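Protein chains in written order, with our numbering: chain D, 1 to 427; chain X, 1 to 427.
Hint data in this document are derived by calculation from the structure and do not stem from the laboratory. Hints are all accurate, no fakes.
Straight-line Cα separation of at most 27 Å, BS3-like style, residue types lysine-lysine; simulated pairs:
#  : chain 1 : residue 1 : chain 2 : residue 2
1  : D       : Lys97     : X       : Lys97
2  : D       : Lys221    : X       : Lys36
3  : X       : Lys86     : D       : Lys100
4  : X       : Lys115    : D       : Lys329
5  : D       : Lys97     : X       : Lys390
6  : D       : Lys260    : D       : Lys276
7  : X       : Lys115    : D       : Lys115
8  : D       : Lys221    : X       : Lys260
9  : X       : Lys178    : D       : Lys9
10 : X       : Lys390    : D       : Lys302
11 : X       : Lys221    : D       : Lys36
12 : D       : Lys115    : X       : Lys100
13 : D       : Lys260    : X       : Lys221
Restraint ranges, calculated between C-beta atoms of paired labels, are given here:
#  : chain 1 : residue 1 : chain 2 : residue 2 : range
14 : X       : Lys79     : D       : Ser8      : 46 to 54 Å
15 : X       : Ile394    : D       : Trp12     : 34 to 42 Å
16 : X       : Asn94     : D       : Lys3      : 42 to 50 Å
17 : X       : Gln210    : D       : Gly175    : 38 to 46 Å
18 : X       : Arg18     : D       : Asp393    : 30 to 38 Å
19 : D       : Thr197    : X       : Glu424    : 43 to 51 Å
20 : D       : Asp393    : X       : Gln38     : 50 to 58 Å
21 : D       : Gly259    : X       : Asn160    : 50 to 58 Å
22 : D       : Glu424    : X       : Ala130    : 23 to 31 Å
23 : X       : Arg18     : D       : Lys100    : 26 to 34 Å
Please read these numbers as outputs of a predicted model, since none were measured by experiment. A virtual CB, placed ideally from N, CA and C, is assigned to each residue, including glycine.
One letter stands for each residue in the lines below.
2 protein chains.
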Amino acid sequence: MKKIYNPSKEEWSTILQRPTQTVADIESTVLTVFKKIQSEGDIAVSTYTEKFDQVKLDEILVSTEEIEAAKQAVSTELKEAIQLAKANIETFHNAQKTDKVFIETSNGVACWQEKRPIQKVGLYIPGGTAPLFSTILMLAVPANLAGCNEIVLCSPPDRNGNINPAILYTAHLCGVTKICKVGGIQAIGAMTFGTETIPQVYKIFGPGNQYVTVAKQLATKFGVAIDMPAGPSELLVVADDSANAAFVASDLLSQAEHGKDSQVILVSTSKDLIDKVETEIDIQLAELPRKDIATIAISNSKLIYVENDQTALEMINEYGPEHFIICMKNEDFYVDRIANAGSVFIGNYTPESAGDYASGTNHTLPTNGYAKQYSGVNLDSFMKSMTFQKISDIGIQNIGNAIELMAEAEGLQAHKNAVTLRLESLK
Amino acid sequence: MKKIYNPSKEEWSTILQRPTQTVADIESTVLTVFKKIQSEGDIAVSTYTEKFDQVKLDEILVSTEEIEAAKQAVSTELKEAIQLAKANIETFHNAQKTDKVFIETSNGVACWQEKRPIQKVGLYIPGGTAPLFSTILMLAVPANLAGCNEIVLCSPPDRNGNINPAILYTAHLCGVTKICKVGGIQAIGAMTFGTETIPQVYKIFGPGNQYVTVAKQLATKFGVAIDMPAGPSELLVVADDSANAAFVASDLLSQAEHGKDSQVILVSTSKDLIDKVETEIDIQLAELPRKDIATIAISNSKLIYVENDQTALEMINEYGPEHFIICMKNEDFYVDRIANAGSVFIGNYTPESAGDYASGTNHTLPTNGYAKQYSGVNLDSFMKSMTFQKISDIGIQNIGNAIELMAEAEGLQAHKNAVTLRLESLK
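Only chain D is shown next, with the shape it has when bound in the complex (with noise of 0.2 Å):
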């Protein structure tokens, strides 16, 4: 761990600094697989499936029977543990609901705004060792509370041709269309594209390595909407005596373990706690099955003593973590000035992991400084806002001219015309 004390300004960019990816490589292994697929559909799937996934599959869609199994296999408490969470993301993420915006602006010019959902997403949900079921709540619970149609979701098959009986469970719990046994880029280029099997969507959503990243930038340039740019993991937490250092070192570690590259940041005004918390992090560091990718991502993490609130409010700011936890006395000042940050978790019983699954808030949330412009997946991520006029003719005559005036001084005849002859049909 790397302590710092009192960083210049000048510095904290390169404190700060978050590792960086290359992706130049990848892009053509993409490109390649993503053109078999728009030639070739299922084929190209099942041949890429193969290659990478090391199965020769018989179908692609996972089928009732399996739906059936994995109910039986996952454990009774496991699932009670899921619907709660499910009940508490619901409930958050039902409370997004906005109204139709209506508003006469002029008299006889009536506006309105109203969202609708997006009709077809598609979900995508990394294999690999540990299952990723709580991905699928924190997707398909909002996906359906939006009112999409179809909500497509893939996922990696193991060797066996398999897939997680936890994945399988949450997916249907949570009332996903069609599951389908297919990972990596080419999961995203059969959503793309769509084959026989794999319905096109409009926009995808969820996390992946490198080349799911690299796969989901690609896919917008062909029409397809993404969810939002991914990068590492990261957490900063702002603590000072008031915190319990055995707590923020959990926090940090629960954020070290999810990968070599995660992103841990200690603010402190406390040079106290952050000697607290350094010696709490060795103690529970060894004790981890994960501890040899945590003890790397702990390595690069930062330990920053700043001398005031202002300073600290203002470094975390122009660092903008995806996950923010204040266990300060004063948590009210970071709450009301924090402009930059995915989710943020106040106080000494709200643990990161509580977002991560159970507390209702979305975990899928903008890193690599990008909470300075992208939201967290949410409600309105599944839909889209569209707009609405009806005008009177009382209305156009109260605001034609204004119109005809604009349209002109923007050399666009034509459109002071379409004004010009309905309030000549009223004269």
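Please arrange chain X on chain D, whose structure you already have, making use of the hints.
Chain X in isolation, oriented as in the chain D frame:
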């Protein structure tokens, strides 16, 4: 114009095909300009302005004197028209403000969502023959309402080094914080990387030619967000015998005059209306100053007859028009069921130009079928939604066990530990 009667569903995608654009050649030019700006800042900006805009500037920033002179130069009646439009746009976008969403998802688990402004935004306003001051209203008004601190506007200077007074007047009126005389790729590059004079921004908005469009796309690779991917403007009108053929023709022409590649489509359940509109277009087209452009766009336009509303609706939803005018007796059928459109104009007195200028809705809208998944620019485009959670000792006891179970099932022991430590401390 192409008249098409009762096309089969298989033909729809061909009939509704949009012109494709190739960007590969432009990308390398953009990257060269970007690299130069990144390393040389203002000097590179000035070099490119001299090269592309044929003018050597002493100052990139517009001065207070220039703004004062612009206020004098714009006619009183145009100023009043702009003020009326601004008031309507302000009213409609102000109505889009949302309250904090606060809910207790489980006892002791408080979650909330708040929208906070994107601190720095950049607006690009093209130059050329017509000064697009209306686009400033559409971007700077909501940016200001959202609370963005820094609102940078870039627009290319003419050969005398000036920006049109209507643009300067409107920018000043709408609270733009910096107006920069820089256009094209170099403007997008400057706002992406920042120079000595031009601030780096977090999100770039606004229209432009294909160079600007590609530059905006590439800017996203360098950490900047953009409003939306851009394509040629488009209008689809659905009309029956209740429509006024002259009005419909004037709307189609107001779209057609935008550019040779503008998309103009009429869908009708009345062959008679189609014929009348065709005649009206010929009459009105002859009188237009931009008839050369409009004639080409109109020659590619489609007048499509379909037998019933359901077929019309399905076709329109497959197309996903940027602008959608409904002049039908049963307008509610379409208003209620339209799933994919940027902005909707209802009835005989609601021309597209109303929304382009002064009704209050935003005219920065998704083209190219992106209405399927993108919102038009609205108040939220200038904000990001952040989530907060505060869990009490009781709260963590209510959801802690579920988190532990889920974290363990996902193989993330440190995530579990962060909860276990807290639960232990409360025993």
